[in-house]
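*Asks:* Listed below are the residues making up each chain.
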Amino acid sequence: MPLDISQLFDRFGEAMYRYLTVKLGSSHDAEDVLQEVFCRLAKYSFRLRFVHDLRAFAFRIARNEACRFLQRKIHGEQVIQPTAHFAESVRRSYAGPDGLSERAVAEALARIPDEQREVIVLKVFEGLCFREIAAVSGQSINTVASRYRYGIAKMRALMEGGG
Amino acid sequence: MKDERDVEELLERFSSRAVPPGLKERTIRAAGQKVRESRLLTPGYRWVLAASLVLLALVILADWRISVVGQNRLNSLLNLPREKALSPEKQAEEEAAELLANLPDLDAAFKNLLRRVFLDEERAAAQSGQSSQRFTEGIHEY
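If you're matching them up, the sequences are chains A and B in order.
My numbering puts the first sequence at residues 1 to 163.
My numbering puts the second sequence at residues 1001 to 1142.
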C-alpha cells in the first residue's frame, strides 16, 4: 500500500525539521526546505514502495535539498548563518537536562565542523545508525564513524574550555 | 569530563523539542500546491502544444492531398479508372454521345442499339474490374 504524504510527515516530518533547523541554522529556512522535501516525496510516491530504508531515503532527500538551498544562498550572495545562529538552532530543536549543559552542548556543537555536527545530530538526537547516516550523506560507514568520534572528541575539548 | 563517553551520556539525556504548531498542515498544503503546479501546463507549454497540434493537422492534410494527386497522376499514366469512376450507364452514355455526334444521319433504332452495346461493354468491364479502354488496349497489343 503506498504511503501518503501525511503518513510520511507523521513518521519523519518532525525529525527532519529539527535536523534541517540545525543544518541550516534557521527554523524559517528549515520550514521552506521541508516543504521542498515533501514536494519531492510526493512526486516519488510510486517509487517509495520499492525503497528499502525509507527513513534514510527521506533524510537523504532532506540533506540534498538543504545543500541545494545553501548553494542557492551562496550564489545569491546571501549571508550564511554565523555560529551563534547554529547554537540557537540546536537549543530550539533539542532540550538538555539543565540550562547550563544545554548551552554548553549547543555552543560546542555549533563550533565543530558541519559534517561532524551532522553525524552527531543524526546519531544521538535522531537515532539513526551509522549505516543509515552513511546512506544519507553518501559516505562510507568508516568515514561516518570517524566523523562521529572526532566530533565527540572536539566537543569534549571545547566543553572543557580547551578550544 | 573524563572522556568522550561522558559527552555521549550527556547528549543522550537531551530530548527533542516540539515543532511549531501547524507545521504539518503548512508543509502538506504547500507541498501539495507545488506538486499540482508542477503537473499543470504552463502558458508557454500550452502554446507549444497548440502549435504542435496545428502543425500535425497540416502535415496530415498535406500528406493526404499529395497521395491523392500522386494516385490520380499514376492512374492517368497507367490509364486506370480514377478512384471516383463514373457509373457504367453514365460512361456508356458519354461514349455513345461522343460517337453519335460524328454520325448525325444514323436512325433511332441504330442509335439505341449502339447505346445498348456500349452499356453492355461498360457493365462487363465494371464487373471484371478493368476499364473497357484497357481491354481495347489489350486487343491492340496483340
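Just so you know, the hints here were simulated from the structure itself, not pulled from any lab data.
Since the structure is predicted, the reported quantities are computational estimates derived from the model, not experimental observations.
From the three backbone atoms N, C-alpha and C, an ideal C-beta is built for every residue, glycine too.
It is possible that some hints are incorrect.
[Stated by the list, open to error] Keeping only pairs whose Cα atoms sit at most 30 angstroms apart, straight-line, the calculated DSS-like set for lysine-lysine is:
1. LYS1090/B <-> LYS73/A
2. LYS1024/B <-> LYS73/A
3. LYS1090/B <-> LYS43/A
4. LYS1111/B <-> LYS43/A
[Unchecked claim] Calculated from the model, a selection of chain A residues having no Cβ within reach of chain B, i.e. all distances over 12 angstroms:
5. ARG18
6. GLN35
7. LEU48
8. PHE50
9. VAL51
10. HIS52
11. ARG55
12. ARG72
13. LYS73
14. HIS75
15. HIS85
16. SER101
17. ILE120
18. CYS129
19. SER140
*Asks:* Give a verdict on every hint.
*Replies:* Hints and how they fare:
no.	hint	in the structure
1	LYS1090/B <-> LYS73/A	violated (84 angstroms)
2	LYS1024/B <-> LYS73/A	holds (25 angstroms)
3	LYS1090/B <-> LYS43/A	violated (68 angstroms)
4	LYS1111/B <-> LYS43/A	violated (84 angstroms)
5	ARG18	violated (6 angstroms)
6	GLN35	violated (4 angstroms)
7	LEU48	holds (14 angstroms)
8	PHE50	holds (20 angstroms)
9	VAL51	holds (18 angstroms)
10	HIS52	holds (24 angstroms)
11	ARG55	holds (15 angstroms)
12	ARG72	holds (16 angstroms)
13	LYS73	holds (19 angstroms)
14	HIS75	holds (21 angstroms)
15	HIS85	holds (16 angstroms)
16	SER101	violated (6 angstroms)
17	ILE120	violated (7 angstroms)
18	CYS129	holds (15 angstroms)
19	SER140	holds (21 angstroms)
Figure legend: structure checked against the earlier numbered hints; hints not met, in rising order: 1, 3, 4, 5, 6, 16, 17.
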